[in-house]
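Chain order of the listed sequences is A and B. The opening position of the first sequence corresponds to residue 1 in our numbering, with each subsequent residue numbered one higher. The opening position of the second sequence corresponds to residue 1 in our numbering, with each subsequent residue numbered one higher.
Bear in mind the hints are in silico, worked out from the structure with no lab data behind them. A portion of the hints provided could be inaccurate.
[Unchecked claim] If you want the footprint, here are the derived chain B segments under chain A, 3+ residues with CB under 8 Å:
# : segment
1 : 74-82
2 : 87-101
[Said to hold, decoys possible] Okay, the calculated beta carbon distance ranges per label pair:
#  : chain 1 : residue 1 : chain 2 : residue 2 : range
3  : B       : Met151    : A       : Phe70     : 48 to 54 Å
4  : B       : Arg153    : A       : Phe17     : 56 to 62 Å
5  : A       : Ser126    : B       : Asp130    : 43 to 49 Å
6  : A       : Leu111    : B       : Gly211    : 28 to 34 Å
7  : A       : Pro6      : B       : Met151    : 57 to 63 Å
8  : A       : Phe17     : B       : Ala39     : 56 to 62 Å
9  : A       : Val112    : B       : Ala154    : 40 to 46 Å
10 : B       : Ala237    : A       : Gly77     : 32 to 38 Å
11 : B       : Arg251    : A       : Asp35     : 53 to 59 Å
12 : B       : Ala193    : A       : Leu65     : 55 to 61 Å
13 : A       : Val112    : B       : Ala49     : 21 to 27 Å
14 : B       : Arg27     : A       : Asp35     : 46 to 52 Å
15 : B       : Gly211    : A       : Met90     : 31 to 37 Å
16 : A       : Gln31     : B       : Ala223    : 51 to 57 Å
[To be verified] Beyond 12 Å from chain B on every Cβ pair, some chain A residues (computed):
#  : residue
17 : Pro56
18 : Ala78
19 : Leu110
Beta carbons are placed, not taken as given, at the ideal position from N, Cα and C, and that holds for glycine.
Residues per chain are reported as follows:
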Amino acid sequence: MTDALPSPETVVVISAFALIYMLMLLRKTLQGKFDLYDFLMLSMVAIIPAGFTLFPTLAYLVSHLTGVVFPFVVMFGALFLVVFAFMHNMTARLHRLERQNCALIQEQSLLVLELQAKQGRQGVES
Amino acid sequence: MADMGLRLDSTNTCHNGAAAPQQGTSRVLIIIPCFNEEASVGGLLSEIAATGRGYHTLVVDDGSSDATSAVASCRSLVARLAQNLGIGGAVQTGIKYAARQDFDFCIQIDGDGQHDPRAIETLLEAYRRDPTNITIGSRFIDHAGFCSTRMRRAGIRLIVLALNGLFSGGRITDPTSGMRLLDRSAIAFFAKAYPTDFPEPISLAWAMRAGLTVSEVPVEMRARETGVSSIDGFKSASYMIRVLGYILLARLVRAS
Numbered sequence: 001m002t003d004a005l006p007s008p009e010t011v012v013v014i015s016a017f018a019l020i021y022m023l024m025l026l027r028k029t030l031q032g033k034f035d036l037y038d039f040l041m042l043s044m045v046a047i048i049p050a051g052f053t054l055f056p057t058l059a060y061l062v063s064h065l066t067g068v069v070f071p072f073v074v075m076f077g078a079l080f081l082v083v084f085a086f087m088h089n090m091t092a093r094l095h096r097l098e099r100q101n102c103a104l105i106q107e108q109s110l111l112v113l114e115l116q117a118k119q120g121r122q123g124v125e126s
Numbered sequence: 001m002a003d004m005g006l007r008l009d010s011t012n013t014c015h016n017g018a019a020a021p022q023q024g025t026s027r028v029l030i031i032i033p034c035f036n037e038e039a040s041v042g043g044l045l046s047e048i049a050a051t052g053r054g055y056h057t058l059v060v061d062d063g064s065s066d067a068t069s070a071v072a073s074c075r076s077l078v079a080r081l082a083q084n085l086g087i088g089g090a091v092q093t094g095i096k097y098a099a100r101q102d103f104d105f106c107i108q109i110d111g112d113g114q115h116d117p118r119a120i121e122t123l124l125e126a127y128r129r130d131p132t133n134i135t136i137g138s139r140f141i142d143h144a145g146f147c148s149t150r151m152r153r154a155g156i157r158l159i160v161l162a163l164n165g166l167f168s169g170g171r172i173t174d175p176t177s178g179m180r181l182l183d184r185s186a187i188a189f190f191a192k193a194y195p196t197d198f199p200e201p202i203s204l205a206w207a208m209r210a211g212l213t214v215s216e217v218p219v220e221m222r223a224r225e226t227g228v229s230s231i232d233g234f235k236s237a238s239y240m241i242r243v244l245g246y247i248l249l250a251r252l253v254r255a256s
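Let the hints inform the model, and build the full structure from the sequences given.
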């Protein structure tokens with residue numbers, strides 16, 4: 001099977017998308033909307049297609065190694081893996097935040113009770 | 001609220017890790033988790049006051065949008081949660097309060113009027129006779145009073161089979177009962193961690209995994225005075241599957 005190389009137009013379009021998307025992510029990271037981990041994981045959406053387009057020989061090598069006929073299937077597989085890893089991490093973070101949020105709300109209500117009790121005692125003393 | 005206290009006589013020897021009741025006054029906290037229960041919580045607090053035992057009560061208002069807090073605060077301490085945390089979060093708030101205020105026992109009863117406050121004394125009597133870390137008020141020992149639908153009872157039987165089959169530490173007939181007494185060990189245990197989803201059966205699994213002991217005493221429950229159950233129709237099947245999954249998970253996880 002002959003390895004088909006991406007056309008110059010494809011390379012330009014994918015590279016432009018990767019560059020613009022990465023710049024957008026970088027700006028949001030600098031604004032503090034994402035942390036470095038988010039930046040790295042989200043930028044994979046640009047890095048992986050760009051890698052497959054700019055280095056077609058490497059893409060074919062990977063597809064031969066993995067036993068998958070088409071490199072773009074490998075590319076989608078890699079993207080899916082990144083999304084899955086990101087989701088895995090986000091689920092754990094969300095669960096931790098949920099627990100912390102629950103504890104915070106409980107503590108706030110208990111502190112109000114403590115404060116009321118203290119004020120009640122002060123009122124009795126005075 | 002006047003602290004009349006509760007006298008517990010030392011009658012039984014300690015076993016299974018539960019502390020035998022000591023001679024003297026024990027402090028009992030009644031935890032009442034509520035979510036939009038303005039219609040029933042006032043009556044419930046009056047019934048508790050009518051027992052004449054002078055129990056400390058703590059109503060945990062789980063982010064109600066009605067006047068639950070206003071109604072309850074006339075007769076009881078009220079912990080208001082800024083957001084709805086669900087029954088598990090609300091009950092744990094009360095347990096944390098009991099742990100910090102050094103209560104000897106806490107007893108959870110539902111704010112919807114299903115539990116007869118006179119049964120509080122039945123739980124304490126049961127603890128006096130046979131001290132275990134958790135004492136559950138069970139509908140299914142005497143089968144007296146309101147016993148829910150047949151489908152729901154079948155589901156509860158499945159949970160019972162799972163709990164009794166997978167854990168030792170007590171024979172359970174009513175794992176979903178929201179009326180239960182916790183002693184100091186159970187209070188300390190649940191103040192650290194308490195399940196947020198389906199807390200009644202799963203908390204039992206966690207407790208028995210950690211070596212706490214459980215016993216039951218027959219109580220009569222009433223049909224809820226107001227509101228509807230949150231677990232109905234398709235949710236019942238989902239509830240069953242998830243609870244059984246959590247119980248299995250509790251069995252697999254090493255006790256810490």
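Status of the hints after comparison with the structure:
no. : hint                              : result
1   : 74-82                             : holds (count 5)
2   : 87-101                            : holds (count 6)
3   : B:Met151 <-> A:Phe70: 48 to 54 Å  : holds, 51 Å
4   : B:Arg153 <-> A:Phe17: 56 to 62 Å  : holds, 59 Å
5   : A:Ser126 <-> B:Asp130: 43 to 49 Å : holds, 48 Å
6   : A:Leu111 <-> B:Gly211: 28 to 34 Å : holds, 32 Å
7   : A:Pro6 <-> B:Met151: 57 to 63 Å   : holds, 60 Å
8   : A:Phe17 <-> B:Ala39: 56 to 62 Å   : holds, 59 Å
9   : A:Val112 <-> B:Ala154: 40 to 46 Å : holds, 43 Å
10  : B:Ala237 <-> A:Gly77: 32 to 38 Å  : holds, 35 Å
11  : B:Arg251 <-> A:Asp35: 53 to 59 Å  : violated, 37 Å
12  : B:Ala193 <-> A:Leu65: 55 to 61 Å  : violated, 46 Å
13  : A:Val112 <-> B:Ala49: 21 to 27 Å  : holds, 23 Å
14  : B:Arg27 <-> A:Asp35: 46 to 52 Å   : holds, 47 Å
15  : B:Gly211 <-> A:Met90: 31 to 37 Å  : holds, 35 Å
16  : A:Gln31 <-> B:Ala223: 51 to 57 Å  : holds, 56 Å
17  : Pro56                             : holds, 47 Å
18  : Ala78                             : holds, 32 Å
19  : Leu110                            : violated, 6 Å
Hint check: violations occur at hints 11, 12 and 19; the rest are consistent with the structure.
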